Amino acid sequence: MSTPEQREIIIRRGRADTIFRGVIASGAMLSLVVLALIAGFLLFRGLEVFKDFGFSFLTGTQWDAGSGDASAPAHFGIAAMLIGSIVTAVIALIVAVPFAIAVSLFLEYYAPQFIRKPLTAILDLVAAIPSVIYGIWGYAILMPKAAGWAKSLNSWFDWIWIFKVPAPIFDRSPFIAGLLLALMVLPITTSVAREVYSQAPRDQIDAAYGLGGTKWGGIRTVVMPFGRSGLVGGAMLGLGRALGETIAVYLVLNLVFKVNFQILASAGGNVASLIATRFGEATPYELKALMAAGLVLFLVTLAVNAAATYIVSRSRTSA
Amino acid sequence: MKSQRISPALKVVAFIAAIFVALPLLSIFVRVPWSDLGHMLSQKSTRDALLISLQTSVIAALLSCLFGVPLAWFLARSSTKWLSVLRVICITPMVLPPVVGGIALLTAFGRQGIVGQYLYDWFNISLPFTRTAVVMAQVFVAMPFLVLAVEAAFRQSDKGLEEAARTMGASPSRVFFTVALPAARPAVIAGIALAWARSLGEFGASITFAGSFPGRTQTLPMAVYELVSVDYRLSLVLSLVLIFISIAVLAAMRDRWLAGR
Amino acid sequence: MSISLQGTIGRGEFERALNFSVADGEVLAITGPNGSGKSTIIHTIAGLISLRSGQLQSDNITWDEPSTRIWVAPENRTCAVVFQDLRLFPHMNVIANVSYGLRAHGVAKDEAMTRSSVALTRVGLSSFEKRRPNDLSGGERQRVALARALVVEPRVLLLDEPLSAVDASSRAAIRDLLPEVLSSFAGATILVTHDLGDVEAMATRSLGL
Chain V
1 MSTPEQREII IRRGRADTIF RGVIASGAML SLVVLALIAG FLLFRGLEVF KDFGFSFLTG
61 TQWDAGSGDA SAPAHFGIAA MLIGSIVTAV IALIVAVPFA IAVSLFLEYY APQFIRKPLT
121 AILDLVAAIP SVIYGIWGYA ILMPKAAGWA KSLNSWFDWI WIFKVPAPIF DRSPFIAGLL
181 LALMVLPITT SVAREVYSQA PRDQIDAAYG LGGTKWGGIR TVVMPFGRSG LVGGAMLGLG
241 RALGETIAVY LVLNLVFKVN FQILASAGGN VASLIATRFG EATPYELKAL MAAGLVLFLV
301 TLAVNAAATY IVSRSRTSA
Chain P
1 MKSQRISPAL KVVAFIAAIF VALPLLSIFV RVPWSDLGHM LSQKSTRDAL LISLQTSVIA
61 ALLSCLFGVP LAWFLARSST KWLSVLRVIC ITPMVLPPVV GGIALLTAFG RQGIVGQYLY
121 DWFNISLPFT RTAVVMAQVF VAMPFLVLAV EAAFRQSDKG LEEAARTMGA SPSRVFFTVA
181 LPAARPAVIA GIALAWARSL GEFGASITFA GSFPGRTQTL PMAVYELVSV DYRLSLVLSL
241 VLIFISIAVL AAMRDRWLAG R
Chain C
1 MSISLQGTIG RGEFERALNF SVADGEVLAI TGPNGSGKST IIHTIAGLIS LRSGQLQSDN
61 ITWDEPSTRI WVAPENRTCA VVFQDLRLFP HMNVIANVSY GLRAHGVAKD EAMTRSSVAL
121 TRVGLSSFEK RRPNDLSGGE RQRVALARAL VVEPRVLLLD EPLSAVDASS RAAIRDLLPE
181 VLSSFAGATI LVTHDLGDVE AMATRSLGL
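Residue numbers (our numbering), protein chains in the order written: chain V, 1 to 319; chain P, 1 to 261; chain C, 1 to 209.
Just so you know, the hints here were simulated from the structure itself, not pulled from any lab data.
Predicted, not measured: the structure shown is a model, and the values here were computed from it.
We treat Cβ as the ideally placed atom computed from N, Cα and C, and that holds for glycine.
Be aware that a few hints might be false.
[Stated by the list, open to error] Where chain V lies over chain P, by a calculated footprint (3+ residues, C-beta under 8 Å): (1) 33 to 43; (2) 202 to 213; (3) 231 to 244.
[To be verified] Stretch-level coverage of chain P by chain C, calculated; a stretch enters the list once three of its residues show a Cβ under 8 Å from a Cβ in chain C: (4) 152 to 163; (5) 178 to 188.
Let's have the full structure, built from the sequences with the hints guiding it.
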């Protein structure tokens, strides 16, 4: 191989490589810049509204764009929506987490291969189903049924305050939205729980099993304590998802601008749905308020997710 | 640990859970007005939404691949100290409520947006409420899923092969296209399928950034949302179409999920 | 001198000072126990790790010199490696593996194929072109790796434990083949091994670590 020929090759290759490196670096930088801009701008726009309303933006329940002049000033407060989001998400978790524990323990420790594979497949499949499908299922099929369950709950547990209703209407309640969300967060919570449980020390489980206990005893004394923090992390990831869900919740929940903890009543709140439904015909000022609401939702989900990631990673390293 | 004896209680719960997750799909199948299906699918509004959905989601999936694969490669192989920051930022859209993502896109690319105002002033380009906006929203939401899947594959792939290729005279770009990319191909395909499924079902970001204008930006999920209170049967039919497409996408990935873990 | 190294190599905690050079036609055997840095030498010369200090030169061109920040990327070094774990590309057939280096150097496809066929015939694998590395025996894979290294006509050939991936039954055949191939190779060869039999069969000189 003669030297000049080789040099020529080096030059040609260098140019292609520069382009390649440029494409990769610019792709990465582009995402970085766009996201940084987005976060920054959301903050910038949102702050205007925070300045106008102060803390009452978080504590107020009124959402009124006003008439644009001094006679009917705009009032924006997201307390009802934010608390509504949290209430439905918490209901979702209360329903989904026990299922997630059972399914993940079953898949990891009991299921024979021929059940494990299709069940895992179903869980993966469900993760890719568009949420509008859940929404329409919830609207068409779950809601009529669940309204009946809500009625029974109400008739038996009327003496507990949260199961009271102001009027005998059981449609479009936080309870129903929570059930639907439970279904939607089950896959993510299950897969995190599975991953954590699978790392439980086998020798300890076997030891507990061998000490005359049952397999269930080994799981209860070794696996479940071991996986507790991982499970909390998985549940919080689910919580993050449930907080941000838009269309599915919108279809089965009556948005009412009043803080409501009576979960069977046909009145609830959801920040994401508020934004999606108001966005189209919002006045410029209301738009800013919606952006501020988006910022609050963003910060809440970010905090939840950061906490979840931290808890999950800590449970991994302590293994 | 293998056991033939399964705690009956756990078995029952697991079975209920399996039904629980599969039920929505099955029940929509039952409720769909099968006899009117052909007629409903041939309506203009339906066809429009279907075509827009297919068009935007395919473009979004391809763009996600085009930008996401290099990004994944960068994340997997770069040694810059900003890497962890970069990764967190790339994953943010996954945990961001889609509506917030849509608002964020609007604040960046809207007419008064930080980039958008210059696009409008200098080039007279207005992005929001166009079909381009639909695609952008979908890419924003879907790309991180692809990036994560492909990055994991690059990370696990054999670095030794890449080194060998270098010693044989291959430049980094040649190594990428001839060695690293073929090794990650299953993950890339799975990532594209995942991104496509996400794009297809995307609602929150596109409705805020692109709006729901029939024939222009209205995708299938938006059409379902608009139709639920107007023509409930038609919205079921559209849901059915969405389910079919999602299942087709997932069937393409079946090797991945049937392999178990 | 075709290749000369004078300086300190290192990887992680490990470090070692070295000073050797190899002329064209020579086969330098580097021997030593595990952990003495044999593979590190190969990787340093190939450009997969850099020198800690000192200088690495080939044909009076400096490849690596930390003090002057001179560094030639692995793809621009006129050396070829037979790795201990071979590192054949599993997604390519045998001929594609062998012609990979030629194609990377910009040789036209037809010519690359012809030259690769010749190289494969030289190592006794003329009918294996369309096979995949995973379908081959250890000995056959070793031959592919050898053909792949020689086909680019390197100035320096680096062999890292060339018999370690070969099962006992085909070891004798490879051991017969290697000296034959090396004797017709014009450039410098560095052979890393822990087997003194290899040294005797192939090396013109040896260096113990």
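A quick look at each hint next to the structure:
1. Coverage of the stretch 33 to 43 of chain P by chain V is violated [criterion: at least 3 residues with CB-CB distance below 8 Å; count 0].
2. Three residues within the 8 Å Cβ limit are the bar, and the stretch 202 to 213 of chain P against chain V gives 7, so the coverage statement holds.
3. Only residues whose C-beta sits within less than 8 Å of a C-beta in chain V count toward coverage, and the stretch 231 to 244 of chain P has 6 of them, enough to reach three; the restraint holds.
4. Counting residues of the stretch 152 to 163 of chain P whose beta-carbon sits less than 8 Å from any beta-carbon of chain C gives 4, enough to reach three: the coverage restraint holds.
5. Given a C-beta distance limit of less than 8 Å, the hint that chain C covers the stretch 178 to 188 of chain P holds, as 4 residues qualify and 3 suffice.
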